[in-house]
Amino acid sequence: MKLSGPCSIQKLPVSAAAQKELLLPSFLRRRNPAVAQRPATTPPPRYTERMHKLRAVTKGILDRVEEQTGKSIQFLSDEKLSLLATLQMARNGADYHVLRYRPSNESLDYLIAFQAGFVLRLFENEPAKRFDFAPEPTAGRNVEALLSTGQALTSDDKKALPEFAKFVAQWALMNLRSLPIGMRIDTQIAAEYPELRELQLSSLALQQQQNMDLLSFKLGKLTIPTPLMGAIAAYALFADRLAGTETYAIPFEAAGVLDQGRDLLSLWDTLPSDARHDCGLVDAWAAECGMTGWFRWIPYIP
Amino acid sequence: MSKQPTFFKLPVGRFDLGLLPADARKIGSEEFKLAVMAHFAAQYSSKGQQAVVSVHDDEIQVLTLPSDSNPLEFVITMLQSGRIKEAVPYLEALAKTEPDNVQVLFNLGIAYSELGQYDEAVIRLKRAVQLDPMHAHAWTAIGVAYQRMGKRELALEPMQKAVEADPTDGYSRRNLGAMLMSAGRKEEALVQLREARRALPHDPQTVYGLASALEEVGGADNFAEADELYQVVIQRWPGSPVAEHARKARTKRAHENMRSAVGGGLRPDVVMYIADALDTFAKVGPDKTKQITLEVAMKGQSGLDINDSEQKHTLASLPGKFSGMHLVSIMYAGLKYLDPNMDAGIDLSAEYEAAKAMRGS
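So the protein lines, in turn, are chains A and B.
With my numbering, letter number 257 in the first sequence gets 257, and the count goes up by one each step, no holes.
With my numbering, letter number 200 in the second sequence gets 200, and the count goes up by one each step, no holes.
Some hints could be false.
What the hints assert, rightly or not - Only some residues are given here: those of chain A computed to face chain B with a beta carbon under 8 Å: (1) 64; (2) 209; (3) 212; (4) 251; (5) 256.
Stated by the list, open to error - Dumping the calculated EDC-like pairs for lysine to aspartate or glutamate here, alpha-carbon to alpha-carbon at most 20 Å: (6) B:47 <-> A:246; (7) B:26 <-> B:16; (8) B:47 <-> A:157; (9) A:221 <-> B:59; (10) B:85 <-> A:253; (11) B:9 <-> A:246; (12) B:151 <-> B:166; (13) B:85 <-> B:68; (14) A:221 <-> A:283; (15) B:9 <-> A:79.
Just so you know, the hints here were simulated from the structure itself, not pulled from any lab data.
Just so you know, these numbers come straight off a predicted model, no measurement behind them.
The beta-carbon is built from N, C-alpha and C at its ideal position, and this holds for glycine as well.
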């Protein structure tokens, strides 16, 4: 009879009893550029290893950003980034823009092109016509009013209301700032950079899935107010148009917000698509969604 | 057309009732549920997709897939990746659209069983065997559900039906064997477990199960056969949890043999081995002690015969020739020297205490 010594110091976490048990048969985000409030303080390295892997077309877009803005782009790999990628524009005298990205992001070339699109469109305007989007601190109270009208809230809901409303206001303002202009950028990317199409569609699908998740987002009785769903419904219609699908909009139709989306998309189709009308486009969408006065435009200071 | 499956949930209160026929707009009614399912089915099928819809009291869940894909396969992938709770609503939706689909019923039964909802499991599984009496795995799953419910008296019959349905199925045999063992019908159990091993020669749990049963039945021949099977498990699946159990079983058996050789008392040779080892450790210090102990432990991986004093081993970290029992004694002393609370896998505590007393420590 042989004795086996312990195979290691640790004990395996499987109990002998478990082995004797009967066994069942087996079963068979892309978003807008972050609104930079302060410049980065420490210059990161110019190129990381990941950046060398960018496609030539993406490097070309980044070169255009550097050329138009007169400032270079620094890249930061950030595993903790909540969005897929962000581009913090150089301002207040900073020497460079900062592009943060999640290192595991497979659609990085497209996302960089998309983020760069916001910078390029801003700089297509003459300096006096370049504006930053500044949310008003009162936006949360507007959402509170929407949430507390027409439904009886429990005391827990009432307690959670201010924070929930603040969160929804930030989300709705981010959509307002990013979706209509982002749709212009997407149209440009689709037309000018066919080599990015596959990545674009993949990122679009991911974004649509994330937006569908918001249809059921709730805290107690608190859900995102229907009037604020219009922007993502318009984006779903746009995604169907761009991808040649007809299914992204179905959940929004079921949720009763597709007509609102159609109205917003109709505005988007009607207004001129050049960068000079970007602020006007956002203002038009805001008016349609009842969000006029929730933000203001402030001069962009490089 | 999107090839990716999508999934979304919609609170029932958000659904646009204007999309439904007038007589189906009462939320929660059966008409409402059917109309919602029909709505999504029609919407997606007209776009070349299919929708698996489940309507609950508070929420509508929709999974969409390309029309050429099999929803059940998708759901089985969810089940296999452990997303059981998430998969159940889809299986329920599939069961509503295909109430006589045995595969759907079987997987739903397994899912409920895994979730501990045994009554729900048995209902689906019984329906599955009613439709397909030769579905051995469904019969087995009924038995397992009853056993997990604590209704052992009801578990045996479906296990037997499973073997009748497919006598070549090793899993059914293995489960029946385990059930017979726990019912005290050990000889019958051995028959089933031997058949299971014949059907599943490459399944470590089956080999281990037979070995374990042989040991439980007892007798010199059975002990010898059990030990051979434990060695098969250790050699063929060395890193598996089952191999670890086999090692422990062999250690326990060897320990019992060792003790029985001295009538259950102290082994003086072991006391001396440990005392010598403690002297050595005191001289060489903790680092060297760790090195020696680990080297012995590594040798132990492939098995050391503690009841064969003729076979000798050497160590790179310590001069001399050692029997298996000597090495195990050194390892035991080393482990206790480094950490008194460490489990050495064999109980030589009496000899260890005697050795320490001898050395006055």
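Structure-inconsistent hints, enumerated in ascending order: 1, 8, 10, 12, 13, 14 and 15
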